[in-house]
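All chains, full assembly: derive it from the sequences and hints.
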Amino acid sequence: MLIKVKNPADVTENDVTDAQLFAQRRSFIRASGQIALGTALGTLFTPSIVDARGQPLKAKKNTRFNTSETLSSYQDVTSYNNFYEFGTAKEDPAINARHFKAQPWTVKVDGAVNKPGNYAFEDIINLNQLEERIYRFRCVEAWSMVVPWVGVSLASFINQFQPSSKAKYVEFTTLYDPKRMPGQNRAVLNWPYVEGLRMDEAMHPLSMMVVGLYGEVLPNQNGAPLRLMVPWKYGFKNIKSIVRIRFSEHQPKNTWQIAGPKEYGFYANVNPQVDHPRWSQKRERRLGEFLKRETLMFNGYADEVASLYQGMDLRKNF
Amino acid sequence: MRNIVYWKLLLFALSLLPAVALVWMALQNQLGANPVEKLIHETGEWGLRFLLLTLAITPLRKKFSWNVLLKFRRMLGLFAFFYAFTHFAIYLSLEHFFDWQEILKDIAKRPYVTVGFVGIVILTVLAITSFNGIRRRLGKRWVVLHRSVYVAASCAVFHYLWLVKADILEPVIYAVIWLVLLAVRRQAKPTQQQSTLQARSQQV
Ligand code: HEM
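So the protein lines, in turn, are chains P and U. Numbers 1 to 318, taken from the numbering used here, label the letters of the first sequence in order. Numbers 1 to 204, taken from the numbering used here, label the letters of the second sequence in order.
FYI, nobody ran anything at the bench for these hints, they're computed from the structure. There are no misleading hints in this set.
Just so you have them, the derived chain P footprint on chain U, three or more residues with Cβ under 8 Å:
hint	segment
1	28–39
2	106–116
3	159–171
Quick list of in silico lysine-lysine cross-link-like pairs, DSBU-like style, CA-CA up to 30 Å:
hint	chain 1	residue 1	chain 2	residue 2
4	U	K165	P	K179
5	P	K262	U	K109
6	P	K253	U	K109
7	U	K109	U	K38
8	U	K105	P	K282
In silico negatives: residues of chain U with every beta carbon more than 12 Å from chain P:
hint	residue
9	F12
10	V23
11	F72
12	A127
13	G133
These numbers come from a predicted model, not from an experiment. Yeah, the Cβ is synthetic: ideal placement off N, Cα and C, and Gly gets one too.
Structure, rendered in structure tokens:
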């Protein structure tokens with residue numbers, strides 16, 4: 001063979017940094033794709049990425065917004081979630097996303113932006129500048145968790161594309177590939193999944209573009225390789241496996257709003273006073289806890305984000 | 001079918017199996033990240049399954065003249081009640097911690113909870129009146145009363161249809177089974193009439 005690739009187990013602490021290893025592995029897999037034996041090699045070496053326990057990532061701890069609440073277990077975070085592209089039951093994504101290959105990955109950037117184009121994952125995510133933040137996550141279904149996410153601030157991520165003054169909203173799209181995402185074979189939702197943010201929401205320091213959790217590469221079932229994390233909104237806003245980012249003047253229609261306009265809005269801010277038509281949003285069940293806890297306004301981030309919605313009727317703009 | 005008692009015991013054991021499995025999983029911490037949700041979903045589904053199974057007895061008996069099936073109907077019906085009531089009890093306790101104000105609001109405000117509640121009220125009445133003594137005392141009225149099991153099943157089917165977020169495949173499967181059972185029942189009536197008509201015309 002032309003290239004000798006070490007097993008992750010062979011790598012010692014002072015050998016290379018984790019982030020470098022991660023990048024090397026990426027480029028190795030890309031290179032191998034270009035030679036005839038690409039597929040065979042791919043299957044030989046990708047398991048380390050496909051594994052439930054991903055590659056380690058180097059990340060600085062950014063404690064500015066951290067919650068001191070107990071972390072939800074890695075097991076719970078990676079085995080119980082909604083990702084309809086891999087099935088509609090909570091256990092489905094962990095099972096059906098096992099063999100999903102999240103690399104190589106390309107993101108198309110277009111619309112009201114000065115630097116549109118098709119970007120490779122490693123060209124838009126600097127693995128040496130990752131940070132870890134511990135956020136509360138509140139699903140619209142009234143369960144919640146606390147997760148140490150790894151990623152970059154969404155503002156810095158977006159700024160590299162230089163959105164123009166016409167950019168009032170940013171729209172994200174999930175990969176559409178029913179062969180790789182078997183849940184898309186059924187028209188449960190209007191595929192591909194689309195989400196959007198107002199520009200000021202996207203540029204808020206709390207918003208993140210996530211590539212990992214618990215110090216590791218994002219597991220497939222949690223939206224590898226690239227997902228949103230906007231912690232004051234319901235979970236479904238945090239679109240996963242993003243392949244397209246479009247900047248526009250008009251408010252995009254997000255997938256759940258199309259599915260149920262009376263039940264899911266564009267803003268979807270966590271709000272204990274505005275019930276979902278079919279269940280109360282007053283309380284939530286934290287994974288791993290027996291008793292329910294009170295849901296907090298803006299999921300506990302009111303001090304940071306309430307000003308974004310001053311003067312808006314949050315009952316109408318649910 | 002002399003040893004009907006053994007068959008009944010076997011059916012009893014089989015019917016209890018899902019409950020035993022759930023308790024065992026709970027003790028082993030095998031119910032996943034959200035055990036209460038898991039319990040509500042599993043008990044609800046088993047309630048619905050037993051309800052439909054109970055309704056299937058009469059058409060099967062007629063179709064294949066398996067009169068012996070009738071001997072199992074009450075047990076299946078009581079298991080439907082058992083699972084549905086456990087489901088309801090979990091909703092009251094682990095889901096709402098007996099916050100009655102919240103519970104009443106939920107029942108009044110949300111159609112899927114309202115129909116579920118109507119369903120469990122009916123099943124409770126039917127379970128209480130299922131014993132021989134009461135049955136004898138109610139006479140003909142018992143038959144009319146227990147026909148409302150069809151209403152309870154309708155409630156359960158709509159309960160499920162109305163509660164899912166987007167993926168209606170499973171509740172639709174149950175709804176189709178329910179419709180088939182209703183259709184079979186409607187079919188059964190005209191044929192009865194026909195046969196009496198035939199019998200009459202032959203007499204003339
Ligand atoms: C005839 C009696 C009933 C039957 C057969 C029944 C059946 C079901 C079924 C099949 C499900 C869906 C399970 C799944 O998603 O896998 C369900 C869910 C549920 N039921 Fe019932 N149910 C009954 C009565 C009730 C009552 C009386 C209540 C409360 C007042 C109730 C509250 C709920 C709740 C809260 C859920 C979960 C909803 C969710 O997760 O979004 N049910 N039930």
